[in-house]
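Asks: If you read the sequences in order, they're chains A and B.
Reminder that position 80 of the first sequence reads as 80 in my numbering, one-by-one numbering, no gaps.
Reminder that position 40 of the second sequence reads as 40 in my numbering, one-by-one numbering, no gaps.
Hints are not guaranteed to be accurate.
[As the list claims (entries may be wrong)] As a list, the in silico DSS-like pairs of lysine-lysine whose alpha-carbon atoms are at most 27 Å apart:
id, chain 1, residue 1, chain 2, residue 2
1, A, Lys-55, B, Lys-100
2, A, Lys-3, A, Lys-71
3, B, Lys-100, B, Lys-68
4, B, Lys-100, A, Lys-71
5, B, Lys-100, A, Lys-53
6, A, Lys-57, B, Lys-100
7, B, Lys-52, B, Lys-100
8, B, Lys-68, A, Lys-3
9, B, Lys-100, B, Lys-60
10, A, Lys-57, A, Lys-13
11, B, Lys-60, A, Lys-3
12, A, Lys-70, A, Lys-53
13, A, Lys-70, B, Lys-100
14, B, Lys-100, B, Lys-112
15, A, Lys-55, A, Lys-71
16, A, Lys-57, A, Lys-70
Keep in mind the hints are simulated off the structure, nothing from the lab.
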Amino acid sequence: DVKVTQSSRYLVKRTGEKVFLECVQDMDHENMFWYRQDPGLGLRLIYFSYDVKMKEKGDIPEGYSVSREKKERFSLILESASTNQTSMYLCASTATANYGYTFGSGTRLTVV
Amino acid sequence: GNSVTQMEGPVTLSEEAFLTINCTYTATGYPSLFWYVQYPGEGLQLLLKATKADDKGSNKGFEATYRKETTSFHLEKGSVQVSDSAVYFCALRPPNQGGKLIFGQGTELSVKP
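For reference, chain B alone in the conformation it holds in the complex (with noise of 0.2 Å):
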């Protein structure tokens, strides 16, 4: 079947350090892949995406690349801010399957100052 597993948090970092977020996924076909950001109070927004292999998604300095061979879809930024503390959600759309989500557990990150 189809399913995300994302690293456990919290995820615990200073002001300006290296983020990553480890999201593996298992699926059959080739999905699509996503990254969501859940900040305190709100719904989930679209950080990122990806369609296909090997494509990169950016967006406010977060990126992520499809991994097909290791089926992983890491979310790093160069440096994070006080700002992005939030809950990081990995996602895929299976193929075939209309517009379904899969979600991963969710990672929190809590950058201090």
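With the rest of the complex left out, here is chain A (with noise of 0.2 Å):
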């Protein structure tokens, strides 16, 4: 069965900590993405990858930044946490534009 892994369910962190969200995919996809999913707004693109090495921002990338160094690993990195961005994080990749996204199981973010 294909996955899409998320390093963490849930992660507590303090306001101003530089927090790593941990996302890998053993499908051998191109493409990555970065969605943030909060109540009555669905899912927003924060960041997204088509390759290694490269990135590009999404509707909302303020505040947060992103690593690819491998192809299989996705990395989303909030420089310094706030409580606005407390929020359900999920990492998704495809192979192709053509294709549906595979989801991993979301990152429940809590910034105190």
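Reassemble the complex: the two chains are provided individually, in unrelated frames, and hints are given to aid placement.
Replies: Structure, rendered in structure tokens:
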């Protein structure tokens, strides 16, 4: 079974901390995405990547950065966590633009 | 710009009732359209998709038809089960923007026995 694995299901961090959210896929997919999910807002795209060391901003990149050093791993970084970044974070991957996404189970981040 | 609007939830139905979740979109060109489902505590799963006008996507008894004239992609099921309780997301993939998806806000469905 193909998989997208997010390293943590739940995280609690303090305001100002640097936070790393990890995502690994075992499908050799080129494309990887980070979304955040908030009630009433659906999913909003933070960053995405079409290849190793390549990244592009999504709709809400402020306060975030990403790293893709290897094809299978796409990390989301909160440089200085703030309470408005409390959310569910979802990672996804896809082989090409013509296929649907495979999602990870999500990381629920609480910033206190 | 590109956007997706879904009917607001929560939607509460009795088992074996007919389900419709409305989805309309705004897009330039000819997007592909998707329905995803999120069961409690899980990530999203692709439910069905349609890539061109008049295509019908179907899976697990769910159906949706890509209607370009009304810019709609409504999700339907003839007889829902308790196990269909989940959040449903409509999404579009704009043409020529790689794999990016734009999601609606989600509609929560609760099916009672």
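Asks: Next, verify each hint and record whether it holds.
Replies: Against the structure, the hints:
no. : hint                  : result
1   : Lys-55/A / Lys-100/B  : holds, 13 Å
2   : Lys-3/A / Lys-71/A    : holds, 14 Å
3   : Lys-100/B / Lys-68/B  : holds, 20 Å
4   : Lys-100/B / Lys-71/A  : holds, 18 Å
5   : Lys-100/B / Lys-53/A  : holds, 18 Å
6   : Lys-57/A / Lys-100/B  : holds, 11 Å
7   : Lys-52/B / Lys-100/B  : holds, 17 Å
8   : Lys-68/B / Lys-3/A    : violated, 34 Å
9   : Lys-100/B / Lys-60/B  : holds, 25 Å
10  : Lys-57/A / Lys-13/A   : holds, 24 Å
11  : Lys-60/B / Lys-3/A    : holds, 21 Å
12  : Lys-70/A / Lys-53/A   : holds, 8 Å
13  : Lys-70/A / Lys-100/B  : holds, 20 Å
14  : Lys-100/B / Lys-112/B : violated, 35 Å
15  : Lys-55/A / Lys-71/A   : holds, 12 Å
16  : Lys-57/A / Lys-70/A   : holds, 19 Å
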